[in-house]
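Chains as they are written, first to last, in numbering that gives the first Met the number 0: chain D, 0 to 358; chain R, 0 to 136.
By construction, these hints were calculated from the structure, which means they are not laboratory data.
All values reported here derive from a predicted model rather than from experimental measurement.
Take the hints with a grain of salt, since some may be wrong.
Stated by the list, open to error - Cut-off 30 Å, straight-line C-alpha distance, at most; resulting in silico cross-link-like pairs (DSS-like, lysine-lysine):
#1 D/LYS312 x R/LYS52
#2 D/LYS198 x R/LYS38
#3 D/LYS323 x D/LYS164
Unchecked claim - Residues from chain R shown here face chain D by an in silico Cβ test under 8 Å; the list is partial:
#4 ALA37
#5 ALA40
#6 ARG96
#7 ARG114
The C-beta atom is built at its ideal place from N, Cα and C for all residues, glycine as well.
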Amino acid sequence: MSAVASDSESIAARIRTEVDRALQRGIKGLEYMSSGGPALGLTPRDLIHQRGTLALYHYRPMADEIYRVPLLLVMAVTNRGYILDLAPGQSLVEYLLKQGYDVFVIDWNAPRPQEKHLRLEDYTQDFIPDSIQRVQQASGVDDVTLVGYCMGGVLATIYTALHPKGPVKNLAVFTTPIDFSQMKLFNKWSDKRYFDVDKLVDTVGNAPPEMIFRSFDMLRPADRIAGKVQLLDNLWNDEFVKGYRMFDRWASDILPLPGEFFRQTTKEFMWENKLHKNELVLGGKKVELSKIKVPLFHAVAEHDHIVPYDAAKPLVAMVGSKDKEEVVLKGGHVSVVAGGNAVKRLWPRLDAWLGKRST
Amino acid sequence: MAEPTSPDPFALMRDLVSQLEKGVNDYSKPLMESDDFAKGANQAMSAAMVAKKLAQELTRRSFEALNVPSRSDIIALGDRLQAIEDRMIGMQATLDRLAGGGAKPALPAPSRTRRPPEPVIEVVAAPAPKRARKARP
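So that you can see chain R by itself, here it is in the shape it has in the complex (with noise of 0.2 Å):
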């Protein structure tokens, strides 16, 4: 049966999507290593910065001023909790060890013992000797 030739257009389609993709990168490189897109992106980040702390703290004082709780409150109050969390778990670990060794563990531990395995020697059988010939009387 003779082969097919023409091509795959759904194939040639995702080839180009992956050419694309490579292009655009490396075009993109050496514009980016530019002073300019350094000094542009910079300024951008720095007034989102700006605009987002200025954000956040338009938002916790309206919150103030509604008598809301605001997310760093909630933080802040997660923070309490998980130190006395911490707390309570260092006064259980000594009251353990105060009332002689604390939970046993289900399974005992492995034993740490572990070799690794061997390398694989292959052994080669040597080729046969040839023989002499006679010589025929």
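So here's chain D without its partners, still in its complex pose (with noise of 0.2 Å):
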């Protein structure tokens, strides 16, 4: 056939092709607008424990024989702990419990007004010890592994600084900023300067969670607009609008600051960087990352655009742990941990290494 009469042929399927997807986007579209998001962290769990912000939950085993040591999931602050449970097959936690592992997780409730108050030592000095102390009541183990996400990892990085003896047992963290003056934008947005933190804690009390999803989202401008377009172009795909929805409604889920925590993190991290320069004090204790002696794992994402790779990398060379490792993965920020992507690489890898530390 000759190479005209081949391109015809090829043109009119693209154009078949093409026209039959804007029917798919005019019929998908509809259904799109008239229905609810799709249902997400739907794994069985039961909460054990909640007092304000802090809700722990455990969730229900999936497998017939389990590891010795439970994990402790410390989700970051300002989101909701579900990117880790987001479908069946696209959930951490789901793989995870299927591994033989004994999740729970600590998913925070949006603070209240009343909430104001709570700053870095309530999280490390008052939440973890509590959650780890349920924990050991609910498994009967005293030891813990814990596993942070991003500003979860900082917290969980911090409580295993300040109690080296125990009862941490292991360590793993995902994307965990510790040198913040690697993250520019954000340092640039909140330089002493021009951001009056304190005026802003005194007038709202807690951060609000808009001011949060916009300097999320300034990182990269053109993101939001760039997807709604690529959503348009895919509506006719019930995959890719389903894994869409999933993810910016995660993303949107944005959860308030209380006030002083955000003032302290402000003033401490991102004008002090004091946690890289071992110089920070909670509750009176000096938090020395090289008094962390449990094995570290951390995942930083190549192409992580709110927590760069030169924030997160100093964490291995800090701690003072023999068996530690520094894993580099593909992707960015949250596909890391989420996603087909995390699927292939992050969940397989942390599943080896937690494996044989977990007996």
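Put the two chains together into one complex; each comes in its own frame, and the hints tell you how they fit.
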């Protein structure tokens, strides 16, 4: 067949495909606008403790035999925990349960106005140890593996540094910033010459979620509009739309931050970079990452625009652990822990590392 | 059959959107790293916060004048209900302990004896030794 005839057939086929997709977009577009979003975070779990912003859940086991050491996942304080439990087949929690882990999670509720006084001390010296104690009671095991994502990783790391003698047996964190001076845009926007954090907190109390949402959005200002264009283009594709709705819902579901916590992290992390400089003092105790001796796993994302590699890489160098591993994986801040990319890359690596350290 | 040589205009459009997205993000990054942007953005945010606070205060006063509960009042009620519920849960747990154990789980907990799978060791057959050729008589 000649090239011209082949071309004509190919163009005709493409046009047919595009017309078909345009029709599908119309039908599915109406469905999209009239339906609610997908239900997320459906892996069965029990609420075992709640106190204001703190909510501790225990997932029901999915294996007949489980590892001795339970896992306590510490979520980032600005976001909901269901990013780790999006949907069947796309849930890190479900994966870990099926691999035989006993999984607990600290999933933060939106702090009330009355909780504006909460500080880093409350999270690292009250909420986490209280939760660990309840995990120990529920599991009957003293050892616990702490797993933290983003700021949850910072909290888990700080707790472990302040309690070097236990009960943390292993520390696994994802995209956890240590050197906040390398988060260039956040650093510039919170520059003390222009950002009066005291005035903001004294005026509004808790840092409002829309302000936090906008600051994440501004890191890549074209992404939201480009995302909508891609959604429109792919409305015919059910899998694409499902994935889009899941991640979009999570990204928009931002939590407010307690005012004092926001003030403290702005001043002590962003302005003075105290964690990286080993100058952070919480509740009269100095946080020294070199005191961490437990096995450490740190997964970082190659294309993380929120926590750049330079902000995360000091952790492995600063801890005193002999058994430590940094894993650089393809993906961004979110795709490294959730979605198809994570299923292939992070999850099996995490399981291989955790399995032999959870007996 | 010869391969089609004409470009796919739809794929080109999609590629253009991706390129534009990257271009806008790359162009805006140095702008947003500037002092002017930081100053302007913070001023705008500060003004928005003050306006929001003022609007909330005016709304609260209007609701008070109309004798209508505000959002804060509803949230406070919710907090008190939650506190009552927490105390009831605590009391239930205490009563269960006093009664000798409380509700037993429907299924026994799985045993904590799991071990990680053994690594699979591939056995590669050694190559057959070469036979020396016998010299012909």
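Hints, one by one, checked against the model:
no.	hint	result
1	D/LYS312 x R/LYS52	40 Å, violated
2	D/LYS198 x R/LYS38	15 Å, holds
3	D/LYS323 x D/LYS164	17 Å, holds
4	ALA37	5 Å, holds
5	ALA40	6 Å, holds
6	ARG96	12 Å, violated
7	ARG114	6 Å, holds
The structure fails hints 1 and 6 (numbered hints given earlier, in ascending order).
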